[in-house]
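> Please model the entire structure based on the sequences and the hints provided.
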Amino acid sequence: MGEEANCNVAVAVVDPRLQGISDAIRVVPHFPKQGIMFNDITPLLLRPGVFKDAVDIFVERYRGMGIDAVAGIEARGFIFGPAIALAIGAKFIPLRKPKKLPGEVISETYVLEYGTDCLQMHVGAIEAGERVLIVDDLVATGGTLSAAIRLLERAGADVVECACLIGLPKFKECACLHSLLFASERWKDIDKSAVHY
Amino acid sequence: MVVSDEEKRKEMQDPRTKGIASTIRVVPNFPKPGIMFQDITTLLLNPPVFKDTIDLFIERYTGKGISVVAGVEARGFIFGPPIALAIGAKFIPLRKPNKLPGEVISEEYVLEYGADCLEMHVGAAQPGDHALVVDDLVATGGTLCAAIALLGSREAQGEAAVHSSGVSLLAIYCLRPKM
Numbered sequence: 001m002g003e004e005a006n007c008n009v010a011v012a013v014v015d016p017r018l019q020g021i022s023d024a025i026r027v028v029p030h031f032p033k034q035g036i037m038f039n040d041i042t043p044l045l046l047r048p049g050v051f052k053d054a055v056d057i058f059v060e061r062y063r064g065m066g067i068d069a070v071a072g073i074e075a076r077g078f079i080f081g082p083a084i085a086l087a088i089g090a091k092f093i094p095l096r097k098p099k100k101l102p103g104e105v106i107s108e109t110y111v112l113e114y115g116t117d118c119l120q121m122h123v124g125a126i127e128a129g130e131r132v133l134i135v136d137d138l139v140a141t142g143g144t145l146s147a148a149i150r151l152l153e154r155a156g157a158d159v160v161e162c163a164c165l166i167g168l169p170k171f172k173e174c175a176c177l178h179s180l181l182f183a184s185e186r187w188k189d190i191d192k193s194a195v196h197y
Numbered sequence: 198m199v200v201s202d203e204e205k206r207k208e209m210q211d212p213r214t215k216g217i218a219s220t221i222r223v224v225p226n227f228p229k230p231g232i233m234f235q236d237i238t239t240l241l242l243n244p245p246v247f248k249d250t251i252d253l254f255i256e257r258y259t260g261k262g263i264s265v266v267a268g269v270e271a272r273g274f275i276f277g278p279p280i281a282l283a284i285g286a287k288f289i290p291l292r293k294p295n296k297l298p299g300e301v302i303s304e305e306y307v308l309e310y311g312a313d314c315l316e317m318h319v320g321a322a323q324p325g326d327h328a329l330v331v332d333d334l335v336a337t338g339g340t341l342c343a344a345i346a347l348l349g350s351r352e353a354q355g356e357a358a359v360h361s362s363g364v365s366l367l368a369i370y371c372l373r374p375k376m
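Chains A and B, in that order, give the protein sequences. Just so you know, the first sequence maps onto residues 1 to 197 in the numbering used here. Just so you know, the second sequence maps onto residues 198 to 376 in the numbering used here.
Everything labelled a hint here was simulated from the structure, so no lab data went into it. One or more hints might be untrue.
[Unchecked claim] For lysine-lysine, the following DSSO-like pairs were computed, each having C-alpha atoms within a straight-line distance of at most 30 Å: (1) B/Lys261 with B/Lys229; (2) A/Lys170 with B/Lys261; (3) B/Lys261 with A/Lys100; (4) B/Lys296 with A/Lys52; (5) B/Lys293 with A/Lys97; (6) A/Lys170 with B/Lys248; (7) A/Lys99 with B/Lys229.
[To be verified] So these bits of chain B aren't anywhere near chain A, every CB distance computed over 12 Å: (8) Lys205; (9) Arg206; (10) Ile232; (11) Asn243; (12) Pro245; (13) Glu256; (14) Gly277; (15) Ala286; (16) Gly320; (17) Gly349.
From the three backbone atoms N, C-alpha and C, an ideal C-beta is built for every residue, glycine too.
This is how it looks when you write it as structure tokens:
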């Protein structure tokens, strides 16, 4: 009877790579302005093994999902997105600030705390129906990612998921992201559900 | 860094360079009249060619003791990290002003009209690091010279010393030289 009970106990398995990734992210207070705790990923980039782990975790997740394109948000999405794209055989599409992309573009404006900003993508980067992964280093309110989703969907893309290294708690208030986000906060949830009997 | 004559011959004949050249799009009069802009985004839309591009860099730089790959914002961020990951080097982003949090050093450089500035974190590069600087394109070399100055600077390594302004450009390697 005791043995049966033991067999039914679920044990959470946490990916050992996550601790190194978390340790490699530096919080810088009051940047770019007072009150903001900035999550700086540059120390992670200085640790080749940890940088590789972060990319590997994304690649393992997305390899079998039939992703046609990885769209990276300027500029820190450019650091992670291409490595993922190369590993899974997908196109890489840069989503850029205004006036950086030459030739014909489509634009999506979005609201910031104060004022607005704008993301652009090349016309023709996406073919209708293509499955797309969006990549950025961090999601906070979800405003930028939501704009990226709208931009890609206007071009006919099927946005499969948004992948971010860091997810700040406030993204949970962004309804359109809820089912689409894979970020470090969610990694913890996913690992808790990986049970061994 | 030493590249043998044999390696140089192989690089020039490499069949992959044709595909790379053919996927780069020229956009006239961007960002202003008279400039023929070399657009690499069309290369990024071709996964095998993008892979070939990175592979050519990896083959050249593997086993050469490179400990740092520094990428110039923003298109250097697209090519630099995959190279860094493959050769086991640190990646250092060289950024426009006010983007990097914490302590930085800055290098101003001259443009055709006006000036611009690159920044790097203090302590990212250490004495003895062998660095590779990556960008999508070199024109006048002004930006690359600023990048080299940043990496070579004693200030960058956290030493309080005179900022070196004597820059020596060691070598430039282009997959697609334009005459």
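> Now tell me, hint by hint, if it's right for this structure.
Here is what the structure says about each hint:
1. Distance restraint check for B/Lys261 and B/Lys229: the Cα-Cα separation of roughly 40 Å exceeds the 30 Å cut-off, and the hinted pair is therefore not satisfied.
2. A C-alpha spacing of about 45 Å is found between A/Lys170 and B/Lys261, which places the hinted pair above 30 Å, so the restraint is violated.
3. With a C-alpha separation of about 34 Å, the suggested pair B/Lys261 and A/Lys100 falls outside the 30 Å cut-off, and the hint is violated.
4. For the hint linking B/Lys296 to A/Lys52, the alpha-carbon distance of about 24 Å falls within 30 Å, and the restraint holds.
5. Note on B/Lys293 and A/Lys97: the hinted pairing holds, with a Cα-Cα distance of about 14 Å set against a maximum of 30 Å.
6. For the hint linking A/Lys170 to B/Lys248, the alpha-carbon distance of about 37 Å lies beyond 30 Å, and the restraint is violated.
7. Pair hint A/Lys99 plus B/Lys229 holds up; C-alpha atoms about 11 Å apart against a cutoff of 30 Å.
8. The non-interface label for B/Lys205 is consistent with chain A: the shortest C-beta to C-beta separation is roughly 26 Å, beyond 12 Å.
9. B/Arg206, annotated as away from the interface, keeps every beta carbon of chain A farther than 12 Å; the closest lies near 27 Å.
10. B/Ile232, annotated as away from the interface, has a beta carbon of chain A within 12 Å; the closest lies near 10 Å.
11. Its beta-carbon lying about 7 Å from the closest one in chain A, B/Asn243 breaks the requirement of being farther than 12 Å from that chain.
12. Its beta-carbon lying about 8 Å from the closest one in chain A, B/Pro245 breaks the requirement of being farther than 12 Å from that chain.
13. Once the 12 Å rule is applied to beta carbons, B/Glu256 is consistent with being away from chain A; the minimum gap is 15 Å.
14. The Cβ of B/Gly277 does not lie farther than 12 Å from every Cβ of chain A; its closest approach is about 8 Å, which violates its non-interface assignment.
15. The Cβ of B/Ala286 does not lie farther than 12 Å from every Cβ of chain A; its closest approach is about 6 Å, which violates its non-interface assignment.
16. With a closest Cβ-Cβ approach of about 9 Å to chain A, B/Gly320 is found to fall inside the 12 Å limit, against its non-interface label.
17. Taking the minimum C-beta to C-beta distance to chain A, about 18 Å, the non-interface status of B/Gly349 holds against the 12 Å cut.
Checked against the numbered hints listed earlier, the structure breaks hints 1, 2, 3, 6, 10, 11, 12, 14, 15, 16; every other hint is satisfied.
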